[in-house]
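Novice: Dock chain H against chain G, hints included.
Note that the protein sequences, when read in sequence, are chains G and H.
For the first sequence, position 87 matches number 87 in the numbering used here, and the numbering has no gaps at all.
For the second sequence, position 61 matches number 1061 in the numbering used here, and the numbering has no gaps at all.
One or more of the hints may lead you astray.
As the list claims (entries may be wrong) - The list that follows gives simulated cross-link-like pairs (lysine-lysine, DSSO-like), each with its CA atoms no further than 30 Å apart:
| # | chain 1 | residue 1 | chain 2 | residue 2 |
| --- | --- | --- | --- | --- |
| 1 | G | K3 | H | K1066 |
| 2 | G | K110 | G | K48 |
| 3 | H | K1049 | G | K2 |
| 4 | G | K32 | H | K1203 |
| 5 | G | K111 | G | K163 |
| 6 | H | K1056 | H | K1203 |
| 7 | G | K3 | H | K1062 |
| 8 | G | K42 | H | K1203 |
Said to hold, decoys possible - Residues of chain H clear of chain G, computed beta-carbon distances all greater than 10 Å:
| # | residue |
| --- | --- |
| 9 | F1012 |
| 10 | V1035 |
| 11 | F1039 |
| 12 | A1067 |
| 13 | F1080 |
| 14 | P1299 |
| 15 | A1420 |
| 16 | Y1439 |
| 17 | F1506 |
Keep in mind the hints are simulated off the structure, nothing from the lab.
Positions of the beta carbon are idealized from the N, C-alpha and C atoms, including for glycine.
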Amino acid sequence: MKKYIIESIRLTLVLLVLLCIVYPVSVALISKMSKGNGGGEKITKNGKTVGYALLGQSFTKPQYFWGRPSAVAYNAAGSAGSNKGPSNPDYLKEVQSRIDTLLKYNPGIKKSDIPADMVTASGSGLDPNISEQGAAIQVQRVAAARKIDVKKVKELIALNTQKPFMGVFGPSSVNVLKLNLALDEL
Amino acid sequence: MNTELTGIIATFLLTMAIAIPLGKYLAKVFAGEKVWTDFLKPLENGIYKLSGINVKEQMNWKQQLKALLTINVLWLVYGFFVLIFQNKLPFNPDGNPGMTPDLAFNTIISFVANCNLQHYSGESGVSYLTQQYVLMFLQFVSAATGIAAAVVFFKAFRDKTTTQLGNFWEFFVKSITRLLLPLSFVMALILSFNGTPASYEGKDQFISLQGDTVHVSRGPAAQMIAIKHLGTNGGGYFGANSAHPFENPSYFTNMVELIAQVIIPVAMVIAFGYFIRRKKLAWTIFGVMTIGLFMLLIPMLSSELGGNPALTKMGISQTTGAMEGKEVRFGPAASAYWATVTTIISTGSVNSMHDSSMPMSGTWQLLGMMINSFYGGCGVGLLNYFIYLIVAVFISGLMVGRTPEFLGHKVEAREIKIAAIITLLSPFLILAGTAVASYIFTNHGNAAWAVQPKSWLNNPGFHGFSEMLYEMTSSNANNGSGFEGLGDNNMFWNLSTGIVIFLGRFLPIIGPVAIAGLLGAKKFIPESAGTLKTDTKTFALMTFAVILVLNALSYFPALALGPLAEYFTH
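Chain H on its own, in the form it takes in the complex:
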C-alpha cells in the first residue's frame, strides 16, 4: 500500500488511541474523582488563592455565563491595547510596528474567540511580547473557556434535577492545569527537538550557497505551535502556518500536530458520556461525527490525489497528486487529511494553502466549517452538536406525536426558540456577510481602503467569490483558516469578520449552556416505553439527516456559485 495512505491511517488510529482514554480521564477530572494528576492540586489551590477564588461556590447557568463573559471582555481590552502599542513595548527584537486599530480589533477578537483568523503575518506584524503575552496566552485561555463551558453543559445532565452547575473558575483552571499545559509542554519539547525554534533569539542572517543574503525569522515558536493545535486555535507563529518548515519540520511532526488538534475535541465527546453516566449516548455521537469526518475526507483525498486536471492537460506527471501550495515532505494525502480535520474541527491551522486546493476540496472544506460540529473546536464542538441534537429531538417528537424530551427533561418552546436562533445565526452571518462583501467588491471597487475592494481577490471568477465566502465561513465557525489570496487587511474585512467572529463565538456558547441550564432545572421524568431514546442508531441517523438537511438548505446556493461552479467549468 502507498506510504502516503498508510501515513494517514496510522495518524487516525493513533489519534483515537490517545483521545478515548483521555476522554475517560477528563470525565474523572471534572467530576472531582481521583486521578493520577492529583499531584497538581497544590498548584491549582495556589492559583485559586492568589486570585481570591472560592471554588466551593456553586453557580447556576446565568452566573456561569457572567463569569465567562466578564473574563473574556477583560482579555479583549487588555489585548487590544498591547497590539496597538507593541512597538513601544519591550521584546520587539525585529522592530515590528504597532497595529492599526482596525487590525488590532480583528486580531484580538479573533484570538479571544479561539478563531485565530490572521490578517497580519507573524514574521512582520507582531512582536515577541505580543506573540507570547497576548496571542499564545489567549490560545490557552480561549481553549479553556470552551472546555469549561462544555463542562457546565455536562453538569446540567449529570444529576436528575439541578440548578447548581459547579464553579466556572474551577473548570477553567483545571482545563489548563490538568490538560492543556502538561500536553503543550510535552508537545513543545517534541517539536523543538525535531527542529522548531524555541529560544528568544531575534532574526538571523546568512549568505546562501549561491551568494544571496537571506534573513531568517525565528523566535519562541514551538511553545505556541503546541497550544495552537491542542487548543484548536490554529494561529501560527509564522505567516505560512504549519506549512512553514520551522513550524512543522517533518512528516513525524506533521503526525504529532494532526493528532494534537483532534484529541481534545474527541475526548470531550467521550468525557460527556462518562460524566453523565450514559456511555452509549457518547458513542452514538462519536459515531455520527466520525462518519461525518470520513464523508468529507474521502472525496477530498480523491480530488487532491487525482491532481489538477489543468496541469494533467499540459502533459506533466502528477503521480502523487496536486502540489500547488503543498509541501513535498507531507505530500497530497497528508495535506488533504489535514485540510479535512482543520476545517471540521475549528483549528484552522494549515499545512497546505487551501486557496490552491482543487475546487471540490474547497467545497468539502467550506462544508466542514459550515457544519462545525464533526468533533468541532475544544468544548464548543460538542455545544454546536447539541443544537443539532435538540432540533432532531424536536422533529422526532413531532413525527411520533410525543412531547420531545432529552435525557429525562421536557424540551419546550423556550429551548426550541433558542436552538432555532442559534441554527439560523450561522447562515445569516455567513451569507449576509458574503453578500455585503460581494456588493462592495462590485459596486465600490475604488473605496479608499488599505486594500481597494477591486484588488481584494487573488483569483478571478468563481474562485474569487469562494475566497470571500471562505473568509466569512471561517470567521463564523471560529476556524481561522483562509483562502489567503484574499486582501483582507483593510477596514472592511477587519471590522466585518471581527463582528462575525464575536457573534459566531459567544452566541453559540450562550445558547447551548442556557438550554442545558433550563433543561437541567426541570423535573426529571423517568424513562418509560414512550421515551424517545437518543442513544440509538435510528436517532443517530436522524441527527445526521438534520445536520445534512439544515446545511444543504442553508448553503447549497452559495456553494453552487463558488467552488461547485468552478468545478463544473474547470
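Same shape as in the complex, but just chain G:
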C-alpha cells in the first residue's frame, strides 16, 4: 500500500509538469500566431476596440440590427442561457412580449415572418449571429432610421452572411456586430 502511495505522489508530480506546464504553455505560445494572438479576435473602429468578432453585444437602437434576446444581457464575463422550460407560462409570456416589440418597431412585417431565433434567448447569452430571416425583418426599420436605400442595406446583409460550412454543412448566419459596423462605415 505504502508503495502505491509513494508511486502515486511521484507520478502525479511528473504529470503535473507535463500536462499543466509543458502542454498548455506550448499551445499558448503557438497560438500567438493565430488571428487574435491567442486572446480572441478583436474588432476595431478608428483604432479603438469595439468588440470581439465572436461575441455578440447588445443592440437596442433602431439604426442598428438587433441580435437575439440574451438571458444575461450580453455579459461577456458571465455567459448563460435562460434555462426556461418549453412549457413555462412566464417564459411564454416573455416570448409573446418579444413578438409584440418586434412587430411594433418593424413596420410592414407579419407575425409569421418572425423567425424563432429572434424571440428566444441563445444558449450562451452571447450569440453573435442571427438567421438571414432575422436580418430580413429588420431591413425596413434600419433603412428608415438611417435614411438610406433598402437595397444598400440588403447588400450589406449579403456581404456579412456566413454561408454553411464548405457550402453544405450546417446553417447560414449573419454576424450582427460586423453588419452594424459596416452600416456605420457607410
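Specialist: Here is chain H on its own, set in the frame of chain G:
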C-alpha cells in the same frame, strides 16, 4: 438535402472513419506491439523512472484496483485544498474567491470522477491555477484512469487463464502519452486557430458600438476544451460550456468537438475485439451501441426540428426548429445530435441548454444517461456495457438450460451477485436521490441554505421535477450536464450529488474489473457445440432487450412524472 442534416451525417461518418483505425491502434499500443508512436517510449521511460515505477511488475485485479484507488484518493485531497485556497494562491488575475467546503467537495469529486458536474461558473468561480492545475489536470488523468481500467478488463480475456493482468501504471501513462496528450495538442491548436483563446491574459474590457462597457472573460481555454471532449469529461472553461462562442466558435469547431468526444469510446470497443482476438464480438457490441445511438437520436431530432408547439401557436415561423437555449451558428439539428452523444457518452458538455429542449428530448437525454453504455465514457462505457452483457449471458443460460459462460469462462454465483449489485446501484442512487430532493423541496422549503429549497427550481410543474431527476441522473452517470436552471450551489445538492458521483464512478469500475479478474482466473473451457456464442446477432438482440427491459423497469415511473407528463400536458 437540408444543410443541417448533411452536417450531422458528415460528422457521424467522419467520427467512425477516425475511431475505427484508432481502436486498432490502441489494441496494439496496449498489447505492447510495434506502432508508429513508439518514438514516445523515451518520454514514458522518463516518467516511469522519475516516479519510481517498475512497469515489468505484474498486478492481479486486486492490486490493479488498489493502485487505481490510491492515486484517485490522492487527487481528491490535493484538489480539495487548492479549490478552497485558490484565492490565496497565484494565477488568479480576475481575483476570484476561494470555494466553500461543500462546493469544493462537490467540484473535486466531480472532476476526479470524470463527471464534471459544475456547481460553479467558470468565469467567476475558479482561478487560472485551478482551471489548469486541478480541473484540466483531472480531465486528463480521470480519462486515463477509465481507459486503464478498461485495459485491465481486456487483459483478463486475452489469454486462456491468467491472474497476471499487466501493470496499471503502464496502461495509465500510455493512455496519456499515446492517446490523450497528442490528440489534445492537435485539437487545442485547431481550436485556437479558429478563435478560441489560449493565452494567459486576464479579463479584457471594451466599449461597444452602442456605448456600453463590456468585460470579457478570457484565458487558456483551448487547452482545456480539447481534453474536455477527448476525455469525455465535459467541464467547460466558461459557464455556458460549448455554447459559448469562445469555446465553440463555428460550425467547423462544433464538428471537431462532436467528433472528439465520440472517437475514444468507440475506439475502445474496437480495441477490445482486436486485443482479445475476437473481432466479431467487438463488432456485435459496436452494432448494439450504434443502434442505441440512432434510437435516441432520431426522435430527438424530430422533436427539436419540429419546434416548440407553444411558440407555433403564437404564430411565428419555426422553419429550422426550436431555438431557445440554442445558437444560430449550430442550429437545432447539430444541437440535437450533440445532446444525444453528450448524454449517451458521459461527456456532459453542451452546445445548447438542455433545460430548454423539448419535453420529449428531455426523455431521450435522461434515458441516454440512465443506460450510460451506448459507447459510454472513456473506458468506463465498455465496463458498463459488460455488466449488461453478463446479465444477458446469465439470462440466456437459464433460458436454454446451460451453465452460463463468457469467452470460455464459467459465470457463477459470485460474478452474478456483483453484476446484480452494480445493476441495482444506478436506479437506487438516481431514484432515492430524486425522492429525497423532492421531499426536501416540498417539506423543507425554507431551510437556511445558500439557495432555499423552495427557490431551487427555475421552472414550475413537471419540468421542475425533471430538473431534479436530471441532476441526480447526470451525477450517477458521471455525465455532468444539467438542467441548469436548478439552483444547485448549496449544501444539499453539493453533498448529495458529490456522494452519488463518487459511488456512481468507482463501484461501476470495481465491479466489472472484479468480475473480469475472477473470470480470467478460471479454467478455460474450449468452445463446443453447447457453448452460448456471444458474438451472434441473436445474442446482440438479447443484450439489447436486457438493456431496454432493465432501464424501462427502473426508470419509467420517474420519467412519467417528469418529461413524459410535461409532453402530454403541453
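Novice: Any hints this thing doesn't respect? Which numbers, in order?
Specialist: 2, 6 and 12
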